[in-house]
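Starting from the structure of chain Z, add chain D where the hints point.
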Amino acid sequence: MSGLLGKKIGMTSIYDENGKNIPCTVIEAGPCVVTQVRTKEKDGYDAIQLAFEDRKEKHTNKAMKGHFAKAKTSPKRYVAEFSRFEEKKQHGDILDVNVFIEGEYIDVVGTSKGKGFQGVVKRYNFKGVNDATHGQHNRMRAPGSIGASSYPSRVFKGMRMAGRMGGNRVKLINLQVMKIIPEKNLLVVKGAVPGPNNSLVIIERWS
Amino acid sequence: MSKNELLQLVEDSVQMKEFPKFKAGDTITVTYKIKEGEKERQQKYQGVVLQRVGSGPTETFTVRKISGNVGVERIFPIASPFIEEIVVNKVGVVRRARIFYFRNLRGKKARIKEKRM
Numbered sequence: 001m002s003g004l005l006g007k008k009i010g011m012t013s014i015y016d017e018n019g020k021n022i023p024c025t026v027i028e029a030g031p032c033v034v035t036q037v038r039t040k041e042k043d044g045y046d047a048i049q050l051a052f053e054d055r056k057e058k059h060t061n062k063a064m065k066g067h068f069a070k071a072k073t074s075p076k077r078y079v080a081e082f083s084r085f086e087e088k089k090q091h092g093d094i095l096d097v098n099v100f101i102e103g104e105y106i107d108v109v110g111t112s113k114g115k116g117f118q119g120v121v122k123r124y125n126f127k128g129v130n131d132a133t134h135g136q137h138n139r140m141r142a143p144g145s146i147g148a149s150s151y152p153s154r155v156f157k158g159m160r161m162a163g164r165m166g167g168n169r170v171k172l173i174n175l176q177v178m179k180i181i182p183e184k185n186l187l188v189v190k191g192a193v194p195g196p197n198n199s200l201v202i203i204e205r206w207s
Numbered sequence: 001m002s003k004n005e006l007l008q009l010v011e012d013s014v015q016m017k018e019f020p021k022f023k024a025g026d027t028i029t030v031t032y033k034i035k036e037g038e039k040e041r042q043q044k045y046q047g048v049v050l051q052r053v054g055s056g057p058t059e060t061f062t063v064r065k066i067s068g069n070v071g072v073e074r075i076f077p078i079a080s081p082f083i084e085e086i087v088v089n090k091v092g093v094v095r096r097a098r099i100f101y102f103r104n105l106r107g108k109k110a111r112i113k114e115k116r117m
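Going line by line, the protein sequences match chains Z and D. This note's numbering puts the first residue of the first sequence at 1, with every later residue one more than the last. This note's numbering puts the first residue of the second sequence at 1, with every later residue one more than the last.
Hints in this document: simulated from the structure, not taken from any laboratory. The reader is advised that the hints may include incorrect statements.
What the hints assert, rightly or not - In silico DMTMM-like links for lysine to aspartate or glutamate, alpha-carbon gap of 25 Å or less:
no., chain 1, residue 1, chain 2, residue 2
1, D, K33, Z, D16
2, Z, K20, D, E114
3, D, K39, Z, D16
4, Z, K179, Z, E204
5, D, K44, Z, E17
6, D, K39, Z, E17
7, Z, K127, Z, E104
One chain only, chain Z, in its complex shape (with noise of 0.2 Å):
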């Protein structure tokens, strides 16, 4: 797929041409650098290594000041391989956000919002038990029976429990592009975009 990284800035709402109000996350999409160009002959497939967001020189180890200053750009943040551009890139090439087209459907890519160590009702949709009374007492939210005695007499591998949610990698598609403002690289989506403020996204294009 073709695409870009970026930065999630922020949710607000647009309203489109009959009135409705379209809540959109508001995301800065590149530019991106060139930093690598894969060939089928080279690396057995085709793809292109974009790199995005400026890094401090002094965070920067060695090996990638010099991979970095073979693309003749300044040291980047986060890279990824993406592939099937429309036009074949150069190495240090820079893309914008006019990859994109407005109204054209992408999917984004993030790291959700990290929820601690969550109970089986918020992090299954688990009903808990619907009932106060009944001889139920403190254990409203309680995921119930995890397994039978007799048969299978153990707990089957991956039953839904307790435990760490969020901080996961998380992809949602088919989210359509409201607005573009290429001054700014800025990309305007419909609805909510996986992850914090300020934290990378993947821009996934792939009609």
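Chain D only, in chain Z's frame:
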């Protein structure tokens, strides 16, 4: 917390109409368009403002009125293109920014002191 400049840039692109200043406790009349099939007509809604929430184009306000002994509350987005006009009928004197206590008041108690202009 101040808003991100880039977020502000997107919000500035939303067209906002100019309305007179109003706050919680004021009595206002909101004129808004409603669509019935193909036809469009205007409707007026008069009541007491309970609160204003948010900022910029995402700001909303709640208007409460008593309609045939039943309390009705409507939440309007301030940037909504359907709002034609807002008229401030009375400026009320209240101490809070959100007057939810007003919901529990009925009859003679449900009156708000008016500010003398």
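Against which earlier hints does the structure fall short, listed by number upward?
2, 7
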